[in-house]
Every structure is written in structure tokens, then in C-alpha cells.
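Peer 1: Please build the complete structure, drawing on both the sequences and the hints.
Chains as they are written, first to last, in the working numbering: chain B, 9 to 300; chain U, 97 to 442; chain L, 657 to 891.
Please keep in mind that the hints were generated in silico from the structure rather than gathered at the bench.
All C-beta atoms, glycine included, are put in the ideal place defined by N, C-alpha and C.
Hints are all accurate, no fakes.
Simulated coverage check for chain B against chain L, where a stretch passes if three residues somewhere in it have a Cβ under 8 Å from a Cβ of chain L:
#	region
1	174–184
2	187–199
Some chain L residues well away from chain B (every beta-carbon gap over 12 Å; in silico):
#	residue
3	E659
4	L678
5	I827
6	H886
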Amino acid sequence: MSYFIVLTLTGIAAGMIYAALALALVLIWRATRIVNFAQGALAMTTTYIALAVIRATDNYWIGFAAALIAGLMLGAIAERFLVRRVENGPPLNAVILTLGLFLILEAVVPMIWGAQIRGFPAPFSISASQIGGMYFALSPFNLFTIGVVLAVMGGMLLLFRFTSLGLRMRATAFAPDIARLLGVRVGRLLTFGWAIATLTGSIAGLLVAPTLLLYPSNMDAILVYGFTAAVLGGLDSPVGALVGGLAIGLGLSYIGGYLGADLEAIGALVILIGILMVRPQGLFVHSVERRA
Amino acid sequence: MTLVDRLGARGTLVKHAVLAVLFIVVAGGAIYLLDSVNAFLVYQLSSVAYIAIAAAGLTVLTGLNGQLSLGHGALMAIGAYTTAVVLKTYTDLNPAIVMVAAVLVTALGSIAVGTGAARLRGPYLAGATLGLAVGLPGVAVRFSGVFGGDAGLNVPALSSPDALSTLPQEVWVAWVWLIPAAITFLLLANLLRTRYGRDFRAIREDEVASALHGIRVARTQVVAFVLSGACAGLAGSLMAYTSNLAAPGSFPLTLSLELLAAIVIGGLGTLPGAVWGALVIVFAPDWIGTLHDVLKLPGPIRDQLPLALFGVVFIAAMLLFPHGIQGGIHRLWLLRAARRSRAASD
Amino acid sequence: MLEVDDLHVSYGGVTALDGVKLSVPTNGITAVLGPNGAGKSTLLKSIAGLIKPRGGRVTYNGRALIGMPPEEIVRLGVSMVPEGGGVIRELTVEENLRLAQMWHHNGGDARKAIDDVMEMFPPLAARRRNAAHSLSGGERQMLAVGRALVSRAELLLLDEPSLGLAPKFVILIMQTVRRLCAERGISVLLVEQNARSALSIADEAVLLSAGRTIAARTAGELAKNEELWHAYLGY
Numbered sequence: 009m010s011y012f013i014v015l016t017l018t019g020i021a022a023g024m025i026y027a028a029l030a031l032a033l034v035l036i037w038r039a040t041r042i043v044n045f046a047q048g049a050l051a052m053t054t055t056y057i058a059l060a061v062i063r064a065t066d067n068y069w070i071g072f073a074a075a076l077i078a079g080l081m082l083g084a085i086a087e088r089f090l091v092r093r094v095e096n097g098p099p100l101n102a103v104i105l106t107l108g109l110f111l112i113l114e115a116v117v118p119m120i121w122g123a124q125i126r127g128f129p130a131p132f133s134i135s136a137s138q139i140g141g142m143y144f145a146l147s148p149f150n151l152f153t154i155g156v157v158l159a160v161m162g163g164m165l166l167l168f169r170f171t172s173l174g175l176r177m178r179a180t181a182f183a184p185d186i187a188r189l190l191g192v193r194v195g196r197l198l199t200f201g202w203a204i205a206t207l208t209g210s211i212a213g214l215l216v217a218p219t220l221l222l223y224p225s226n227m228d229a230i231l232v233y234g235f236t237a238a239v240l241g242g243l244d245s246p247v248g249a250l251v252g253g254l255a256i257g258l259g260l261s262y263i264g265g266y267l268g269a270d271l272e273a274i275g276a277l278v279i280l281i282g283i284l285m286v287r288p289q290g291l292f293v294h295s296v297e298r299r300a
Numbered sequence: 097m098t099l100v101d102r103l104g105a106r107g108t109l110v111k112h113a114v115l116a117v118l119f120i121v122v123a124g125g126a127i128y129l130l131d132s133v134n135a136f137l138v139y140q141l142s143s144v145a146y147i148a149i150a151a152a153g154l155t156v157l158t159g160l161n162g163q164l165s166l167g168h169g170a171l172m173a174i175g176a177y178t179t180a181v182v183l184k185t186y187t188d189l190n191p192a193i194v195m196v197a198a199v200l201v202t203a204l205g206s207i208a209v210g211t212g213a214a215r216l217r218g219p220y221l222a223g224a225t226l227g228l229a230v231g232l233p234g235v236a237v238r239f240s241g242v243f244g245g246d247a248g249l250n251v252p253a254l255s256s257p258d259a260l261s262t263l264p265q266e267v268w269v270a271w272v273w274l275i276p277a278a279i280t281f282l283l284l285a286n287l288l289r290t291r292y293g294r295d296f297r298a299i300r301e302d303e304v305a306s307a308l309h310g311i312r313v314a315r316t317q318v319v320a321f322v323l324s325g326a327c328a329g330l331a332g333s334l335m336a337y338t339s340n341l342a343a344p345g346s347f348p349l350t351l352s353l354e355l356l357a358a359i360v361i362g363g364l365g366t367l368p369g370a371v372w373g374a375l376v377i378v379f380a381p382d383w384i385g386t387l388h389d390v391l392k393l394p395g396p397i398r399d400q401l402p403l404a405l406f407g408v409v410f411i412a413a414m415l416l417f418p419h420g421i422q423g424g425i426h427r428l429w430l431l432r433a434a435r436r437s438r439a440a441s442d
Numbered sequence: 657m658l659e660v661d662d663l664h665v666s667y668g669g670v671t672a673l674d675g676v677k678l679s680v681p682t683n684g685i686t687a688v689l690g691p692n693g694a695g696k697s698t699l700l701k702s703i704a705g706l707i708k709p710r711g712g713r714v715t716y717n718g719r720a721l722i723g724m725p726p727e728e729i730v731r732l733g734v735s736m737v738p739e740g741g742g743v744i745r746e747l748t749v750e751e752n753l754r755l756a757q758m759w760h761h762n763g764g765d766a767r768k769a770i771d772d773v774m775e776m777f778p779p780l781a782a783r784r785r786n787a788a789h790s791l792s793g794g795e796r797q798m799l800a801v802g803r804a805l806v807s808r809a810e811l812l813l814l815d816e817p818s819l820g821l822a823p824k825f826v827i828l829i830m831q832t833v834r835r836l837c838a839e840r841g842i843s844v845l846l847v848e849q850n851a852r853s854a855l856s857i858a859d860e861a862v863l864l865s866a867g868r869t870i871a872a873r874t875a876g877e878l879a880k881n882e883e884l885w886h887a888y889l890g891y
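Peer 2: In C-alpha cells, the structure reads:
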């Protein structure tokens, strides 16, 4: 296959992972107007938990489930006990708080499991698939990645559009004080929002670990890419997270492929600043201002 | 009315100059005393010097002007690498000139970043500077011909001034670094008294009102950024000279976060706070080390504990103590002043 | 039913309410009148739980409301319609109504309750699936009243429902409120700048000025005696 097509396909697979992290950031931004800088570290932590469970039970899927559950719990605990206190203050405080959480996680994880680079299993082969006699640049694991993220996004869509819970969450995101006057228990929904956001982030962590390997700071760059993708799509828009993720995935794949893998991270920065200078509100804008 | 009040604006300059000299004397004394106790501690004081310089710049940018930067470690890297690259070609160049070059190059870089960042607010700015911190080391690796790749570039040892030639490098470096530190703090302190200092604060308080008052917001934001970048560049250059190395591994994301920790702990927006914070983050691993020896903690815990504690400090600061050490001191001062005036009026 | 006693509210150093006292009897309509800045909205927000008062007592059927979050106060049957209708613009008309009845969740009744509202206000039925920001001012107030119904409120706190509405809508809204009071036993605390329309349906009236209750009369007395209210309100 031509180099360009290979880059494109792998870019799509990577982009899905960035989209998942972007979605996590978007969910939290919609709910609490905070950028969660600890999102990557949370995903890294749940991946370590998954590894421990996989080792203990010798079963990938149990570990996968464990990561999701851990994600739900960590997100809920973080919101309820830490973020709740700074939700209504100056944005700088929330940023520093999430950075504090980031530091604690990146320090505590190696305290428990050590800082060495570890491998992480993939449930399907990570070498290129074969269809007929031809090699196809996407491995079964890549296909699984794309499928899982699409499934998660689909699930979120269904949740928000068609369920009462989703309606309440949208109401909380658009106008929390009015929602309160309608009897919506905003606090619980914010906790729930953080829980499912962190679950989404956990998925990104699980999907990236087989190729990126597992070490305490492995999600740092992914956080930057996810953030860039979220901003590109508009921090308020889950669909934007998907589109943004794909765009960043492709963009970085080309940059890495043609200019050198070490430049991917700085390439993301250039893209980010470019977007913010040209269209600061992102590509998909829902509502303009947040009202009470 | 104090002497300073009577001297007016010139009085402030005098006051700052006096403080600077006092600072040099006190710090110099500390170095002299510590030297007889433990040379390594003195070496750490030289780290404190450049961390304080970087923290001072950051505290002006973030504390006073309200622009949160998570990328100042990367700006320090620019200063360090400039130093290394210049010295590769001009090995015997006077360090002062090299440092000026480092400051200028970093300032130029900061103009670029600052201009891009000027329109960004809050989390967007934080995210962009985070990208800088995560991404810049990769550039050094990519262009390894110039920058020495993962191993980095060597920075030749400084030759000591004759007066101090009897002292080992760690010690006289600590003495000498007092000078750029004092100069930086002096310049910053005076600058903050000018219109710029007021404008920085005004923009942080209320951007719209500042614009309506005729302050050119975007321009001032860039000035703040460049100023803090220049400090970071100087700090990076000093760091390169101190450790004889400029390598990607010296500038991880955690360095940027440690600088932020320094100014949060010391007191956001205060210059003395930058010094307190620098002391804390440089010496924290030692204190942890002592704790470790006393409590017999396992190895991995000892290594990671400083970072974990900084994280706890961030959280605690946001939840409980928004004002840091300097703020605590300030509050004590206010309390004493209040008590004194009450006693006087009784 | 609703008792407010010695309510003190301040924000940022400004005293908004300085010892307000009033009561709303069961199945009655009480109007709160007064000039701009008198603290009328603040009063409603404090009762509804959006603002925490510095001091005083608010009881509803004997239960103290101060300190309760708004979403719990709604569950007691106290429903506030803020200025502008309290409508979430990004959601559709139908979704706004669904939200309002969600806290006392029962599926079948919900459908019926929403359909009743559509019957009562045909313009809403026509815009059922449109986003609420496409509604006119009058339609928004209809939606506001509709969602108050759907939420089974027993005490309605209405903040300036007639603001910005054309006279015919004002009449419609006021008459609907009066009817609901009569048919469903709802009580109403009505804040209004448009004193005349408020007095046309109210039983009692309270006059607020600079955060204080300066008079409490029956609506009839005030309506008849224009001089009285000019004297109190200055206009």
C-alpha cells in the first residue's frame, strides 16, 4: 500500500483514541466548564489497574471492565470531593486543582507499581490484517479501536438524545440554575458526568497502551492531542470531539510520517495555536454563552 | 512618614537597591556558613538561584497578569540550549554575553508564543502552553545534529573568577549566581512599580474595564509573556552552566509544573514568594529523603513523594490556602499592624 | 401556607432585603409590588433556594426552607418561574415540559399532563418539537405556566410574568393563573411591576421598597385607592 494510505489509515485509528480523550474533556467541560488536565493521568491510572487485574485473573476482558469501573469511581470521587469546591470560582483555581490531581496520580502510580516501562496486552493482533492475499494497513486491533470508540460515541448519543438522564444532563449543561428550579438534582448529575467522562478516558488509555506501552507519563502527549482535538471541534460538542480527533489523528500521522515522529507533539501545538487564532470557538458551536 | 515616602519614586528604587544588597549579604552569609557544613547544600543554593529567577518571571505572568503558563520549563530549555549551542562555536565567550544571548533568544521565542497566546484565556492558554512543554523536547531530539539528540549538549565548565578560585565550583557558582538573581529581582521589582505593573494587575482583575481605560490589552499580555520568558531564558542558561548539560531529559513537563508549584506555595504574584517557593521545591526532595531515612520508606515512595506532595499542595492551596507563604506572612503583618494601631488608639 | 419572617439578604456588601415579612394563604394569590430594585426578585429567589439569606425564616406548610437546595424545595411543591419564563432555550418545548415533571416520575401521567398543556395553549402544541429559543415572549410565558402545571406545583412563585409581553398576552397569562388557582387550589406569590394587572387577580398585596415591606393590604383596597399606592410607591 502506498505510504500515504498507510499513514491515513493509522492516522484514523490513532485519531479515534484522541477522539475518546477529547470526548472525555468535552463531557466535563459541558458539565462543569472546567478543562480536566488530569484526564490523561486518570486514564493512565485505570490502565495500570487493568493491568494488575489482567495479571491476577489472566483475562483481558475482566481487566478491561475493571478499568471502566475504576474510571467511573475515580471520576465520581474527583468531582464530589475535589472539583465540587472549585466549580464556581475563578477558572485558574480549577486548572491548578486538576494539575494537582495530575501530579498526585503520576506520583502515586509509580509508588505502587514502579516507574519502569511495561507492556500492555491487546485483545486482538496488532500486526497488519490480511484480506485475501493483500495486506491491509489496519490491524485487527486498530479495527477494534475504531469500533469501540464509535460504539462509545454512539452510546453517548443515545444517552443524551433519548433518555431522561440524558435530558437532565443537557439541561444541567445549558442552564444549571433553571434546571435546579425544575427539580433537577444538578449535583448528582455533575458527579455522573465526571464518572462517564473518566470512563471514556479509560477507554483511550486501554487502547493506546499496547502500542505506546505503559509508564506513568505515557498519557501526557495524548492529553495534549485530545485537548487539541476537543478545541478543534469546539469544547462543547461531542460530535466535534470525534471530528477533531480524526483531524488531529490524520494531521499528526502525516507530520510524524513525513517530518519525523519527534515532531508530532510540537506539530500538535502548532495546530492548536493555529485553530485558536483563526477560530477560537472551534468548528462546531452549540450555544454561545453559558447562562445561569 | 518614612524616609522612603519622602524620597518619592526615587525612594522606591533606593529601597529596592538596599534590599538587593541586603539580600546578597544575607545569602552570601548563608552560603559561607553552609559551606563549612555541607557543600552539596551550597550547590543546591545555586539551583535555588535560577529556579527563583524563573519563578519570579512566572509569578509576574501568572500571579499578577493572570496568564497561566504550563510551559515555562520549555522556555528554560530554550535558554539552556542557546547557551550550549553558542558555546559549541564560541567556547571562550564571556558568560555574561552568553547569558544575554540566551535571554534574547528566549525573549524572541516568547514573542512568538506570547503573541499566539495573547488572545487565549484560562484553560486554552494552559492547554497551549502544556503543548509547548510536552512538544519542545521532541524538537531537540529530531534535530539531533544541532541539539545533540537525547544525550543533549555539553556545556563546558565555567572558569572561576580569580578572587574565588580557591573555592570548588559548586560553591563559587552559588556566590556568583547571586548577582543575576539580585539584578533580576531588582529589575522586576522596579518594573512592577511602573505603569506596566499596574496594567498587568488591572488586566487580571477586569480585562474589559482595562480596555475601556485605554490599556492595550493584547500588547501588555505579550509584554508580560516576554518578560517572564526572558527570566526563564536566563534561568535556563544558569542551569546549563550549573549542570554542564543541556538535554531534553532536564526539561520534562514536571519542571513546568514545579515552577507553578513554587509560585503557588510561595504566594502567587509576589516576588519574595518566588524565592520561598524556589527554596521549597529545591530542598523538598532532601527533606523527603531525611523523612525517608527516618521512617524507612520504600525506595519508589521516596522518589515520587515530592511530586505527590506538590500535587497535594496545589489541591490544598485551592481548597484552603489561596495565598501561600508570602500571603501568610502578609496576613501576619496585617494582623500585627492592626493590633498596633488598636493599641495606639487605646 | 407560606410564611416569610424577618428575611435579610445581602450580597457584596449591599443589603437587598432588610427584614421582609409576608404570608401567602392556601389557595390565595399574593402580589408583591414595588419599584425597580426594591428586592422583589431577590425575595422570590431566596424563597426558591437560589440565594442563601443572611437571616430570617421562610416556612412552607411548617417546613423551614432556608438552607434547602432549590431542587429539594421544588419537591415540596414550591415552584419558581424566574424572569423570562425559566425556559431552557436549547431544549425543545416538549423537552422543557418533560424535564419539569421528571422529579415525580410516572410515565403515563406525564404524557397526559403534557398533552393537557398543549390543549390549554395551542401555540405551544404547534411548536412542540421546536427549540424554545424560537418562541415569542408570550409563548415562553405560556410554556412557563405550562411547566409549572406539569410539575404539580402547589405554590407558584412568579417573577414578572408580564414583562415584555403584549397586553393581550398579559391578560391571558393573568387569567390562566387565576383559573389555575381556582381549579387546582394552587397558591401564587406574584412579583410584578405592572401593578394593575397583578391587582386584577390578587387577593392580597405587599408593597416592597428598598428591601423592606412598607405595606400589606388586600388587593381590593389598593386597587380602589390609587392614591394609596402612589403614596407608597411614588408613582
